[in-house]
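> Mapping of the sequence shown onto our numbering: residues 1 to 273, in sequence order.
Because the hints were derived from the structure by calculation, they are not lab data.
Where hints are given, some of them may not hold.
Label pairs and their computed distance ranges (CB to CB) [unchecked claim]:
1) 85 with 48: 33 to 39 angstroms
2) 57 with 158: 27 to 33 angstroms
3) 201 with 230: 22 to 28 angstroms
4) 86 with 54: 18 to 24 angstroms
5) 228 with 201: 33 to 39 angstroms
Just so you know, even glycine gets a beta-carbon here, dropped at the ideal spot from N, CA and C.
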Amino acid sequence: MNFSFLKNTLINISLITSIATTNVNFDLSKFDFFKFNTHTEHSLSNKEYSWYYMWNKNSTPDAPKETKNFVFNYDSYYLGDTSKKVLYITFDEGYENGNTGKILDVLKKNKVPAAFFVVKPYIIQNPDLIKRMESEGHLVCNHSSHHPSMASVTDPEKFKKEFTEVEEEYTKLTGKKMPPYFRPPMGRYSEASLAKTKDLGYKTIFWSFAYKDWLVDQQPDPVAAKKRILERTSDGCIVLLHAVSNTNTKILDELLKEWKSQGYEFKSLDDLK
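Please construct the entire structure, taking both the sequences and the accompanying hints into account.
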């Protein structure tokens with residue numbers, strides 16, 4: 001135990017409490033000490049990990065063996081309800097490549113809800129798409145302001161701003177509060193970053209299916225992509241697709257129809273337990 005830190009902590013609490021009891025208008029939130037739980041900043045590891053899952057042909061994908069002992073302690077999900085034939089469709093939006101409107105058309109046609117994880121510049125540059133996502137019943141979720149590895153953002157104020165700057169742009173545009181779901185950029189995280197994300201009121205949303213679809217000049221073959229996606233999605237799967245992908249845009253309607261023919265329903269992240 002770090003006794004020096006503990007001693008200083010107790011002194012700070014005693015001093016601030018003493019001041020607060022003599023001033024009813026005293027705002028504890030102004031003190032950095034109270035912005036995150038103390039365990040988050042001082043005892044949890046900042047070691048960076050990259051999210052992955054281990055696909056199993058006849059069973060549920062496994063979580064990373066290196067981190068599954070702690071990753072789910074912080075409201076983190078890579079699967080939904082694995083007892084039912086349900087899927088959760090999510091898209092990452094770093095920049096617009098002319099596909100999101102078409103994707104929204106397909107989702108509307110098939111009556112499928114989705115979650116779009118967006119960065120701050122995307123909201124600023126694509127206000128009409130953001131408003132359409134929200135008005136058509138999709139979740140517009142937080143993907144950070146600047147797309148850093150959250151494990152590398154160890155300063156509490158900078159960490160918090162990666163969330164609040166996105167929230168503020170979304171609320172300014174829509175008048176609504178941003179849904180409390182966060183996808184770590186590039187899937188990079190640490191135990192400390194997951195804890196701080198939870199402290200900010202967010203659930204961390206990883207995935208149980210993704211593939212190399214984000215390189216616009218190296219797009220996968222549509223036939224091969226559709227085959228791979230259908231083979232590797234299973235009950236409760238959180239599907240990650242990148243909206244910049246022309247291939248995903250071309251095959252999305254066929255995918256949704258095929259999943260429905262297999263008995264799948266599509267759920268919102270709001271349905272996660």
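> Hint by hint, say whether it matches the structure.
Hint by hint, here is what the structure shows:
Taking 33 to 39 angstroms as the suggested C-beta distance range, the pair residue 85 and residue 48 conforms, at roughly 35 angstroms. Checked against the hint of 27 to 33 angstroms, the pair residue 57 and residue 158 fails, with Cβ atoms roughly 42 angstroms apart. For the hinted restraint 22 to 28 angstroms between residue 201 and residue 230, the CB-CB distance of approximately 35 angstroms leaves it violated. Distance hint check for residue 86 and residue 54: the Cβ-Cβ separation is about 21 angstroms, which falls inside the suggested range of 18 to 24 angstroms.
Taking the beta carbon of each, residue 228 and residue 201 are about 35 angstroms apart, inside 33 to 39 angstroms as hinted.
When the structure is compared with the earlier hints, violations turn up for hints 2 and 3 and for no others.
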